[in-house]
Every structure is written in structure tokens, then in C-alpha cells.
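Student: Take these sequences, add in the hints, and give me the full structure.
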Amino acid sequence: MRKLLFVLLVVVMVVPLAACGGKATPTKAPVATKAPVATKAPAPAVKTLTIGFTASETGKYNVESTGQELGLKLWAKRVNGAGGLKLNDGNTYKIALKSYDDESKKERVQQLYTRLINDDKVDLLVSPYSSGLTDAAAVIAEQYKKIMVTTGAASDATYKKGYAHVFQLYTPASRYLTSVLDLLKAKDPSAKKVAIVYEKSKFATAVAVGAKAYAEKNGFNVVMYEGYDSGTSDFGPFINKIAANKPDAIIGGGHYQDGSTFSKQLYEKKVPVKLVGILVAPSSPKFAELGDAAVGITAPAQWAAGANYSPETAKAAGFEWFGPSSGEIIKAFAGAGVKEPSYQAVGGYAAGLILEKALLTAGSPEVAKVKKALEDMKIMIFYGSYNVDTSAGAHGLQIAHDMVVIQWQKVSGKLQKVIVWPEAAKTHSAIYPLR
Amino acid sequence: MKRVFTSPFLWLGVAFFVVLAAWPMATNDPTLREDLFLILMFITMALSLNIILGFTGYVNFGHIVFFGLGGYMGIYVMSILHWGLFTAMLVGGISASVLAFILGAIILRLRGAYFALATIGINEMMLAFVSNFKPFGSGIGLSLDFGVYKAYGGAGKALWLSFILLAIAALLAFIITFVLKKSKFGLGLMVIREDEDAAMVMGIPTPTFKNLAYTLSAFLPGVVGVLYFFKNGNIEPGEAFNLEMSIEVLVMIMLGGFGTVSGPVIGAALYEEIRSWLIVNPLLQSMHLVVAGILLLAIILFVPIGVVGWIRQRLPLVRRYLE
Numbered sequence: 001m002r003k004l005l006f007v008l009l010v011v012v013m014v015v016p017l018a019a020c021g022g023k024a025t026p027t028k029a030p031v032a033t034k035a036p037v038a039t040k041a042p043a044p045a046v047k048t049l050t051i052g053f054t055a056s057e058t059g060k061y062n063v064e065s066t067g068q069e070l071g072l073k074l075w076a077k078r079v080n081g082a083g084g085l086k087l088n089d090g091n092t093y094k095i096a097l098k099s100y101d102d103e104s105k106k107e108r109v110q111q112l113y114t115r116l117i118n119d120d121k122v123d124l125l126v127s128p129y130s131s132g133l134t135d136a137a138a139v140i141a142e143q144y145k146k147i148m149v150t151t152g153a154a155s156d157a158t159y160k161k162g163y164a165h166v167f168q169l170y171t172p173a174s175r176y177l178t179s180v181l182d183l184l185k186a187k188d189p190s191a192k193k194v195a196i197v198y199e200k201s202k203f204a205t206a207v208a209v210g211a212k213a214y215a216e217k218n219g220f221n222v223v224m225y226e227g228y229d230s231g232t233s234d235f236g237p238f239i240n241k242i243a244a245n246k247p248d249a250i251i252g253g254g255h256y257q258d259g260s261t262f263s264k265q266l267y268e269k270k271v272p273v274k275l276v277g278i279l280v281a282p283s284s285p286k287f288a289e290l291g292d293a294a295v296g297i298t299a300p301a302q303w304a305a306g307a308n309y310s311p312e313t314a315k316a317a318g319f320e321w322f323g324p325s326s327g328e329i330i331k332a333f334a335g336a337g338v339k340e341p342s343y344q345a346v347g348g349y350a351a352g353l354i355l356e357k358a359l360l361t362a363g364s365p366e367v368a369k370v371k372k373a374l375e376d377m378k379i380m381i382f383y384g385s386y387n388v389d390t391s392a393g394a395h396g397l398q399i400a401h402d403m404v405v406i407q408w409q410k411v412s413g414k415l416q417k418v419i420v421w422p423e424a425a426k427t428h429s430a431i432y433p434l435r
Numbered sequence: 436m437k438r439v440f441t442s443p444f445l446w447l448g449v450a451f452f453v454v455l456a457a458w459p460m461a462t463n464d465p466t467l468r469e470d471l472f473l474i475l476m477f478i479t480m481a482l483s484l485n486i487i488l489g490f491t492g493y494v495n496f497g498h499i500v501f502f503g504l505g506g507y508m509g510i511y512v513m514s515i516l517h518w519g520l521f522t523a524m525l526v527g528g529i530s531a532s533v534l535a536f537i538l539g540a541i542i543l544r545l546r547g548a549y550f551a552l553a554t555i556g557i558n559e560m561m562l563a564f565v566s567n568f569k570p571f572g573s574g575i576g577l578s579l580d581f582g583v584y585k586a587y588g589g590a591g592k593a594l595w596l597s598f599i600l601l602a603i604a605a606l607l608a609f610i611i612t613f614v615l616k617k618s619k620f621g622l623g624l625m626v627i628r629e630d631e632d633a634a635m636v637m638g639i640p641t642p643t644f645k646n647l648a649y650t651l652s653a654f655l656p657g658v659v660g661v662l663y664f665f666k667n668g669n670i671e672p673g674e675a676f677n678l679e680m681s682i683e684v685l686v687m688i689m690l691g692g693f694g695t696v697s698g699p700v701i702g703a704a705l706y707e708e709i710r711s712w713l714i715v716n717p718l719l720q721s722m723h724l725v726v727a728g729i730l731l732l733a734i735i736l737f738v739p740i741g742v743v744g745w746i747r748q749r750l751p752l753v754r755r756y757l758e
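Sequence order for the protein chains is A and B. Letter by letter, the first sequence follows residues 1 to 435 in our numbering. Letter by letter, the second sequence follows residues 436 to 758 in our numbering.
No lab work stands behind these hints: they were computed from the structure. What you are looking at is a predicted structure, and each value in this text was computed from that prediction instead of being measured. Hints may contain errors.
What the hints assert, rightly or not - Okay, the calculated beta carbon distance ranges per label pair:
#	chain 1	residue 1	chain 2	residue 2	range
1	B	Asn567	A	Arg435	29 to 35 Å
2	A	Gly393	B	Val453	42 to 48 Å
3	B	Val533	A	Pro237	47 to 53 Å
4	B	Pro570	A	Ala368	39 to 45 Å
5	B	Asn716	A	Asp89	32 to 38 Å
6	A	Val63	B	Ile537	37 to 43 Å
7	A	Ala213	B	Met625	55 to 61 Å
8	A	Ala368	B	Asn716	33 to 39 Å
9	B	Ile599	A	Gly59	28 to 34 Å
10	A	Asp89	B	Val453	43 to 49 Å
11	A	Asn245	B	Val726	51 to 57 Å
What the hints assert, rightly or not - Calculated lysine-lysine pairs in the DSSO-like style (CA-CA distance at most 27 Å, straight line):
#	chain 1	residue 1	chain 2	residue 2
12	B	Lys569	A	Lys145
13	A	Lys160	B	Lys585
14	B	Lys585	A	Lys369
15	A	Lys121	B	Lys585
16	B	Lys569	A	Lys241
17	A	Lys94	A	Lys121
18	B	Lys569	A	Lys146
19	A	Lys371	B	Lys592
20	A	Lys212	B	Lys569
21	B	Lys619	A	Lys217
22	A	Lys246	A	Lys274
23	A	Lys193	A	Lys241
24	A	Lys121	B	Lys592
25	A	Lys369	A	Lys77
26	B	Lys585	A	Lys146
27	B	Lys619	A	Lys193
28	B	Lys585	A	Lys372
29	A	Lys193	A	Lys269
30	A	Lys86	B	Lys592
31	A	Lys270	A	Lys192
32	A	Lys98	A	Lys331
33	B	Lys592	A	Lys160
By construction, the Cβ of each residue, glycine as well, lies at the ideal position given by its N, Cα and C atoms.
Tutor: Below, the structure written as C-alpha cells:
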């Protein structure tokens with residue numbers, strides 16, 4: 001009896017192992033990278049090119065990440081609808097997307113990217129949403145020497161770790177607020193005093209550090225540099241200190257709640273300031289609920305509907321134009337039921353477009369060729385410019401893409417977001433000075 | 436003590452961990468390695484939490500503090516002082532234990548809900564401290580250069596190395612838990628769990644015992660934190676002190692059976708297996724948290740003593756092989 005129980009116990013202990021083993025067994029080969037070659041010699045082969053990524057279907061990044069995923073899907077739909085990508089290697093490639101839910105958790109990301117590369121045999125990678133998750137995915141991409149275009153990942157640090165296969169689409173965090181400072185400089189060269197008030201989160205701190213360095217380098221005097229804790233709802237002490245320092249511009253913020261509260265309290269206390277640039281919050285349509293307090297508040301955004309990037313602006317800036325216009329992208333999103341796509345969602349489409357151009361230039365999906373194409377690429381798309389650093393210390397860091405600066409203005413009596421910077425993308429002149 | 440090391444259960448457990456570690460290496464399967472990395476990580480976390488929760492009866496929601504602090508200390512010495520991984524693991528483990536010892540002297544005077552609340556407070560306190568502590572990169576955190584992995588034969592081999600080291604940590608956690616349960620010290624802890632006042636009357640130095648248990652339970656999470664963040668290449672406050680993970684580990688112990696040795700192992704493996712399977716299941720992947728939640732609720736409602744507790748209750752003859 002005891003022997004029998006012992007055997008039973010061994011079985012019980014081995015069950016979890018068996019389950020693991022079951023997972024490890026290659027299930028269905030989801031990716032047909034080597035599709036049957038056409039029998040008639042002259043006809044080009046139609047192959048499948050699989051792009052792997054994780055999306056946060058659940059967890060704190062759900063909204064931004066699923067938007068990004070939709071963008072990628074719409075891009076793949078357009079490419080496949082046009083018959084696929086015809087490359088110089090003589091083959092036509094249809095795009096297949098393979099993704100898993102990372103639950104917005106870092107511990108899932110490495111597990112799932114390893115699976116995408118080893119089991120699903122994906123050809124190219126797109127990053128998850130957020131810098132933290134991308135950091136974890138980049139280690140795996142680099143280990144297997146797989147190309148990964150990152151979108152939704154603004155942190156500079158990721159690209160300063162010595163990776164050679166990771167390429168950034170977004171403007172890095174250190175340059176998030178520099179466009180607002182450029183706008184200030186262009187509008188009023190005599191404005192010199194800047195106050196930086198930011199949330200002590202990873203993203204906002206990185207932005208503030210970059211903005212401070214840029215301000216000082218460009219001759220601004222940073223009269224106040226203060227961080228506030230996440231969840232702060234009373235900005236009174238900060239506003240009193242701002243008023244005492246009499247800055248020309250206030251920049252900073254963090255996430256939606258604190259950014260909108262800060263903007264509202266600045267308005268209520270009638271702080272005399274010429275320009276206010278706040279992260280994240282003013283980019284949301286919800287910001288209009290602030291009413292008059294929203295008027296004149298600016299915010300940096302990776303992209304905004306109405307951004308005037310076009311073949312003409314590309315030519316003027318010395319970049320090659322590639323892909324559809326902003327109007328076509330908005331139409332594609334509208335077709336999918338999204339009337340006002342966020343810049344994160346549109347960023348997913350843009351990441352696909354960058355990969356498309358790299359593949360067309362490379363002429364084949366070979367990693368070395370696609371890598372070279374991404375390194376040499378200097379193009380402008382509907383999302384803005386793309387060109388990356390190729391030095392060993394910051395390989396893959398985006399250096400060409402500029403943030404657009406949006407501002408809330410009353411147009412024909414109606415409160416709306418307009419683009420006021422850069423010159424190449426602007427639709428309206430900025431309200432300056434604010435108060 | 437001799438009887439402890441001749442126990443069939445102990446050797447069965449050792450064999451289990453050896454097989455678990457050897458499987459992905461024998462099959463050279465990195466995907467399996469990644470799946471098992473998470474399982475082993477949760478097993479170690481659950482086994483170590485079980486020392487204070489299962490044996491001593493103190494509900495600790497702040498177990499993740501030791502994981503986070505160990506991770507921060509380890510990544511700091513690796514990225515700033517350029518120390519090696521093995522030293523970083525020791526630094527991570529020891530600093531977590533030292534923190535537990537200091538905290539334990541204060542908060543282990545509290546009992547029941549008050550202690551549980553204090554542990555949540557400690558997690559929030561550490562999160563706020565690290566977010567403002569410049570040497571730890573404040574809100575941005577710390578990053579490891581990709582070149583760090585070269586010292587271990589490149590990123591590929593470094594990931595295998597962290598897996599093997601984690602398997603050793605998990606095995607250690609298992610052996611410590613088993614030996615503890617069979618020792619006088621462990622018995623003392625269980626008396627505290629059943630009736631602390633009676634334990635004091637019987638002459639058990641309860642403050643010392645509780646603090647030792649708390650300090651011991653903190654060491655391996657500190658080591659695991661170093662391995663986890665070494666593998667990820669960066670650490671930031673929100674990830675390091677994530678209260679949700681503490682709660683997940685608690686659920687794993689309840690699922691397997693608290694106060695047992697194999698309970699946390701089976702609970703962690705089952706919980707992680709269910710989640711991993713659901714995530715990649717084409718039919719259920721968008722519903723995986725719902726399904727996992729319902730399943731867990733059912734188990735906790737109908738089998739409150741956990742899987743191992745239930746088996747031990749129903750099959751007395753199994754008890755010798757299932758501690």
C-alpha cells in the first residue's frame with residue numbers, strides 16, 4: 001500500500017512538470033515563414049512575414065497598448081490589402097501579426113518574447129507599450145539578434161545600454177518638453193526664466209531632467225526645479241513658490257489627474273505666466289472639461305490629428321517622404337470605429353510603416369540588411385521624421401522626430417486642440433503671452 | 436535531525452527541483468526556461484513567505500519589500516560599483532534580512548490585522564523612499580548595461596545562469612522550510628501560530644522566535660530580486676515594490692496549503708501554470724484573468740485548507756510523503 005501511495009505521490013509531483021512540458025512542445029506552427037514555393041518558375045513566391053509583439057490586453061497599460069495594437073493591425077491590413085510587400089529578393093511577403101497579452105507586467109514580457117522568437121519563429125519584433133516593458137523585451141531581442149522597432153517607449157536609457165538591434169520611433173523622454181522651450185524661444189527671445197514642476201514618476205522625472213539640461217544649454221534660467229509626489233492634489237505650495245520666482249514659462253506635470261489639477265489651480269490663482277506646457281493631460285479630449293482653465297495650456301504630443309507633415313514639408317526639411325498622409329490614417333482608424341485616434345494608437349501604425357520602408361530598402365527580411373536600412377533611414381512619414389543615432393553609446397535612439405506642441409484654443413467660440421509647433425506641422429499660431 | 440535527512444519526502448522534493456532545473460537544459464528549450472523561471476521565482480517567494488505566514492501565523496502583505504530592496508541593492512552594486520552577480524546576490528539577501536530584523540523588532544509587537552496593516556504601510560514607505568532616493572535613480576530607477584552580460588558569456592548564457600541560480604535558491608527554500616518544520620524552532624513557531632500567549636507561558640521566547648522567522652523569510656526574496664532584475668536589465672520603484680505580487684504569493688500559499696512544506700510549491704506551480712496556459716490559449720487568452728479568478732475563488736471557497744491540506748486530511752497514509 002505504501003509503495004502504491006509513493007508512486008501516486010510521484011505522479012502528483014510530476015503533473016506540473018508534465019504541464020510545463022506540454023507547453024514546451026511546439027504546438028501548431030503558427031507562422032508559415034517558408035510557404036510553398038510556386039511550381040511555375042517565373043511566378044514570385046508569396047511568403048508570410050510574421051511580426052511579433054506583446055500587447056497589454058489587461059493591466060494598467062491596457063488603453064494605450066491596445067490602441068497601439070490596433071494601429072499595427074490597420075497597417076498590416078493595408079499592406080496585405082495591396083497584395084503584400086514585393087521585395088527585391090523576388091518574393092512577395094504577406095504580413096502576419098502574432099501577439100500575446102503581457103498583462104502590463106514585466107515578468108510576462110521576457111517569457112512571451114522568448115516564446116515569440118523560439119516557438120512562433122517571428123521574423124521581426126515590435127516593442128510592448130511603455131519604457132519599462134520595452135526594457136525587458138529589448139534584452140531578449142538583442143540576445144537573439146532580432147530587429148525590434150519600439151513604439152510607446154520614450155525612455156532614453158533603453159538605447160544607451162549597448163543594444164544594436166533596437167530602434168526607436170518616439171521622440172525620447174529627454175526631448176519631450178524641449179519643443180515647448182523651442183516654441184518659447186521662437187515666440188519671445190527675451191523670455192529667460194523657466195520653472196519646472198514635475199511628478200516624481202519614472203517618465204516625468206526623465207522628461208524633467210532632459211528639459212532642465214536643454215533649458216540651461218539654451219540660455220534659459222531654471223528658477224525653480226521641484227518634484228511632487230504621485231497623487232498630489234494640492235499645488236498651493238508649489239504655486240506660491242512659482243509666483244515668488246516670477247517665471248516666464250512653467251513646464252512639467254506627469255499624468256492626467258495631477259496635470260489637469262495643476263493647470264486648473266494655476267488658472268484659479270491667476271498666476272502671471274506667458275506659457276504653460278504640461279505633460280500628457282492636455283493631450284486628452286477630457287481636458288476640455290476644464291473650460292476656460294484649459295485655454296492657452298500647451299502640451300507636447302508625439303503626433304496630433306491635423307499635423308501637416310506632407311511630401312512638401314519633408315522636402316523642405318531634407319527628408320524623403322514615405323507612406324500615406326495623416327488624412328488617410330485617420331480615415332483608416334475611423335473605419336475601425338475610432339474617431340479620434342491617440343498618438344499611441346497611431347504610433348502602432350507608424351512602427352509598421354518604418355518596418356515596411358526598411359524591408360523595401362533592404363530588399364529582403366534578412367536581419368543584417370534590415371538593420372542597415374533602419375540605421376541609414378532618414379524619412380518623414382505622417383507621424384513626423386525618423387532618423388536614429390548609430391553611435392555605440394546611443395544606438396537606435398531617435399534623433400529626428402520632434403514632438404508637436406498642441407494648445408487649447410477657442411476657435412469660433414469652441415474649445416479645441418490645435419497644433420502650434422513645429423512650423424512644419426502647425427495649424428494655428430500659439431496664444432502668447434498667456435496672462 | 437538524522438530522521439529529517441532520511442525522509443522520503445525531502446529526497447522526493449530534491450529530485451523534483453533537480454528535474455525542474457535540468458529539463459529545459461536537457462531539451463535546450465529557452466521558452467520552457469522562461470516559463471519555469473517564473474514558477475521557480477514564485478515557489479521561492481511562496482516558500483519564504485510561508486515561514487512567517489504559515490508557520491508563525493502572521494499575515495505579511497509586505498513580503499515584496501524584501502524582493503524589491505534586494506533587487507535594488509543588487510543592481511546598485513552591479514551597475515554603480517561594478518561588482519559581480521554572486522556578490523550582488525549576497526548583498527541583496529543580507530540587506531533584505533537586515534531590514535527585516537530591524538522592522539521585525541518594531542512591528543512584530545503587533546498582532547492580527549494591525550500587523551497586516553503595518554506590512555502594507557512598510558511597502559508604501561519603501562516605495563516612497565526609493566522614489567526619492569537619488570543613489571537608486573529616484574523615480575527613474577537603475578539600469579544595467581547590456582555589456583554586463585558579457586562577463587557571463589553573453590546575454591544568452593547569463594539568462595541560463597540566472598535560471599540555474601534561481602533553481603538553487605528554490606531548492607534551498609524547500610530544504611530550509613522542511614528542516615524548519617521538523618526542528619524545535621519550527622515547533623515553537625507553530626505554537627506561536629496556535630496561541631501566542633500560551634507559547635509565552637510555556638517559556639518560548641516569542642519576540643526572538645518571531646523576529647528570527649521574519650529575518651529568515653526575507654533572505655531568499657532578496658536574492659530572487661537580484662536575479663529577476665539582473666535578467667530584466669533594469670529596476671524601477673513601481674515594479675520592485677508591487678503590492679499586487681505580494682498578494683499573488685499569498686494566494687499561492689492559500690491555494691497549496693499554508694503551514695505545509697509542499698503546499699506553497701504546489702500552489703505556486705499550479706497558479707502560475709493556470710495563468711501561463713490561459714495567456715497563450717487562443718480561445719481564452721482575453722479572458723484569462725476572469726477564468727483564473729473564478730478557479731481560485733472556487734478552490735478557496737470549497738478547499739480552504741489548500742490542496743495539500745485537503746489531501747493530507749483525506750488520505751492519512753500519504754502524510755509521510757506529503758509534508
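Student: Does each hint hold? Answer for all of them.
Tutor: We went through each hint and held it up to the structure:
Checked against the hint of 29 to 35 Å, the C-beta distance between B:Asn567 and A:Arg435 comes to roughly 32 Å, which is consistent with it. The given range of 42 to 48 Å is respected by A:Gly393 and B:Val453, whose C-beta atoms sit roughly 43 Å from each other. Evaluation of the 47 to 53 Å hint for B:Val533 and A:Pro237 yields a failure: the beta carbon distance comes to about 36 Å. A hinted range of 39 to 45 Å holds for the C-beta pair B:Pro570 and A:Ala368, which are about 40 Å apart.
Judged by the Cβ atoms, the range 32 to 38 Å given for B:Asn716 and A:Asp89 holds: they are separated by roughly 36 Å. Distance hint check: the CB atoms of A:Val63 and B:Ile537 are about 41 Å apart, consistent with the given range 37 to 43 Å. Between A:Ala213 and B:Met625 the beta carbon distance is about 58 Å. The supplied range of 55 to 61 Å therefore holds. In this structure the supplied range 33 to 39 Å holds for A:Ala368 paired with B:Asn716, their Cβ-Cβ distance being about 36 Å.
A hinted range of 28 to 34 Å for the beta carbons of B:Ile599 and A:Gly59 is consistent with their spacing of about 30 Å. About 48 Å separates the C-beta atoms of A:Asp89 and B:Val453, a value consistent with the hinted range of 43 to 49 Å. Look at A:Asn245 against B:Val726: about 55 Å separates their beta carbons, and that is inside 51 to 57 Å. Between B:Lys569 and A:Lys145, the direct Cα distance comes to roughly 34 Å. Violation of the 27 Å bound is thereby established for this hinted pair.
Restraint check for A:Lys160 and B:Lys585: the C-alpha separation of about 16 Å stays at or below 27 Å, so the hint holds. Among the hinted pairs, B:Lys585 with A:Lys369 is consistent with the structure: their alpha-carbon atoms are about 25 Å apart, no more than 27 Å. Taking the CA atoms of A:Lys121 and B:Lys585, the gap is about 25 Å. The hint holds against a cut of 27 Å. For the hint linking B:Lys569 to A:Lys241, the alpha-carbon distance of about 23 Å falls within 27 Å, and the restraint holds.
The suggested pairing of A:Lys94 with A:Lys121 holds, with an alpha-carbon distance near 15 Å, which does not exceed 27 Å. For the proposed pair B:Lys569 and A:Lys146, the alpha carbon gap of about 34 Å is over 27 Å, so the pair is violated. For a cut-off of 27 Å, the pair hint linking A:Lys371 to B:Lys592 stands: about 24 Å separates their Cα positions. At roughly 17 Å between alpha-carbon atoms, A:Lys212 and B:Lys569 fall within 27 Å of each other, so this suggested pair holds.
For the hint pairing B:Lys619 with A:Lys217, the CA-to-CA distance comes to about 67 Å; that exceeds 27 Å, so the pair is violated. Restraint check for A:Lys246 and A:Lys274: the C-alpha separation of about 10 Å stays at or below 27 Å, so the hint holds. Restraint check for A:Lys193 and A:Lys241: the C-alpha separation of about 14 Å stays at or below 27 Å, so the hint holds. A threshold of 27 Å between alpha carbons decides the hint, and for A:Lys121 with B:Lys592 the separation of about 20 Å falls inside it, so the pair holds.
Simply put, A:Lys369 and A:Lys77 have alpha-carbon atoms about 24 Å apart, close enough for the 27 Å limit, and the pair holds. Proposed proximity of B:Lys585 and A:Lys146 is supported: the alpha carbons are some 18 Å apart, at most 27 Å. With a C-alpha separation of about 69 Å, the suggested pairing of B:Lys619 with A:Lys193 is violated against the 27 Å cut-off. A hinted pair counts as satisfied when its Cα atoms are at most 27 Å apart, and B:Lys585 with A:Lys372 qualifies at roughly 24 Å.
Our distance criterion of 27 Å between C-alpha atoms is met by A:Lys193 and A:Lys269, whose separation comes to about 20 Å. For the proposed pair A:Lys86 and B:Lys592, the alpha carbon gap of about 38 Å is over 27 Å, so the pair is violated. Restraint check for A:Lys270 and A:Lys192: satisfied, since their Cα atoms lie roughly 20 Å apart, inside the 27 Å limit. Distance restraint check for A:Lys98 and A:Lys331: the Cα-Cα separation of roughly 25 Å lies within the 27 Å cut-off, and the hinted pair is therefore satisfied.
Note on B:Lys592 and A:Lys160: the hinted pairing holds, with a Cα-Cα distance of about 22 Å set against a maximum of 27 Å.
When held up to the earlier numbered hints, the structure conflicts with 3, 12, 18, 21, 27 and 30 and fits the remainder.
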